[in-house]
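Chemist: I would like the entire structure built from these sequences, with the hints used as guidance.
Below, each chain spelled out in residue letters.
Number of protein chains: 2
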Amino acid sequence: MNIQTPTDKKNAKRREKEQIILRAAERVFAQAGFGGATMQLIADVAGLPKANVHYYFQTKEDLYRQVVSNIFGIWLEAASAFDDAVGPVEGIGAYIDAKMEISRSHPNGSKVWASEVMHGAPFTQDYLETTLVEWTQGRLAIIQRWVDAGLMDKVDPRHLLHMIWATTQHYADFRHQINTLNGGQPLGEAQWEEAKTTIKRIILQGIGVKV
Amino acid sequence: MNIQTPTDKKNAKRREKEQIILRAAERVFAQAGFGGATMQLIADVAGLPKANVHYYFQTKEDLYRQVVSNIFGIWLEAASAFDDAVGPVEGIGAYIDAKMEISRSHPNGSKVWASEVMHGAPFTQDYLETTLVEWTQGRLAIIQRWVDAGLMDKVDPRHLLHMIWATTQHYADFRHQINTLNGGQPLGEAQWEEAKTTIKRIILQGIGVKV
DNA sequence: CCGTCACTTGACCAAGCGGTCAACAAATTT
DNA sequence: AAATTTGTTGACCGCTTGGTCAAGTGACGG
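Protein chains in written order, with the UniProt record's numbering: chain A, 1 to 211; chain B, 1 to 211.
Simulated from the structure, these hints should not be mistaken for laboratory data. Hints may be right or wrong, so weigh each one.
Keeping only pairs whose Cα atoms sit at most 27 Å apart, straight-line, the calculated DSS-like set for lysine-lysine is [said to hold, decoys possible]:
no., chain 1, residue 1, chain 2, residue 2
1, B, 50, B, 60
2, A, 210, B, 196
3, B, 196, A, 154
4, B, 50, A, 210
Please read these numbers as outputs of a predicted model, since none were measured by experiment.
Modeler: This is the structure we're talking about:
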């Protein structure tokens, strides 16, 4: 097993090149939005001729869809931290940590997603209506169980989830504003830790769990 | 006094027309972003020929700047609720209420602002560095005073402010996602009230004030 | 009634856009 | 080593864009 056939090598190289383009596209889409981004600029950032980009991704829309679906997948994974927990302290705490880490490591993906939703999800409404709705219902049920078990205050799980999403993603989407208010400097390691701690503390104490 | 000269009438008509264009522009910029919006579409929504729009606003950038500065002004006004307060319960509570009302009544303005900041504030960096920085420093000082007076827990005021901004604006910027998760329906009056109550409760309880 | 000035608008333009294509180079298969 | 497939690229095309402009319209002051 695990023999590298020539086909494998080719596929690997293909995927590698696709990754280069996807990373470039993520940056450009995040910086300019779908409408403002140009295939020429994406190609320049990727270091390729425009026609070559079109060889791997037929249309701008194809490329954009992949970028959006990437960040979406990363966020879904962060839910595992949520599911494995026995109570709100670990579950919600770990989920906030995970989402904050993503905001730190993938700010561009977060921005692209925010842009897409803000404009009415013109390309990914199907994701919202299927995957996101199912995922959300599962998580809402978990929170509701915690409420029913008396592990936390009676809080509408929907709005709690919105608060967590809003706050964690804010650190990616509004990174520029945060930096400007921080004297033009990006948050340092310590400040980032303090952000996580503060947010967790306010939310956990806010829903009435012992920290 | 208060005599309506012909000049006044003309100016009034001019401002009226500018308002029509600004409203149309706000909608189009919110829906498509700066790069995706077209002057032609803005003109169509306003019900005017494109050349006429250019008569009132020379460039797309001029028009965009005004839209951004409008929502910015509205948000600054919401701060009064903050300032007149004697403690965190009234101050922060009233500020959250005010910002939630704006998210409800001016979702498009909020989206335009979010878009602008997300893309690195390419047109309004000066606003961020002057007005916003000053405003924020004033508010941070107020919160710090409350902390020092023992009226609330020791919480980093910066992150508290970010949480409030993030959450309240989320209800405007991610309105589409919230509606989708609400069965495709916009939040009703009762749901909106519940959102406000839940958010205020979590945050106020989270920073340790008696509600 | 006439002249002035703010406003209106269809036609137009250069520039940039997403996307195509034919010619070529490199790698794999036979 | 010939044949075939896969990847690369500069030049190109039709179309849309932001913005201009000259010719007009209408309202007001003298």
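Chemist: Each hint needs a verdict: does it hold in this structure or not?
Modeler: Now for the hints, and whether the structure bears them out:
no., hint, in the structure
1, 50(B) to 60(B), "11 Å, holds"
2, 210(A) to 196(B), "24 Å, holds"
3, 196(B) to 154(A), "15 Å, holds"
4, 50(B) to 210(A), "60 Å, violated"
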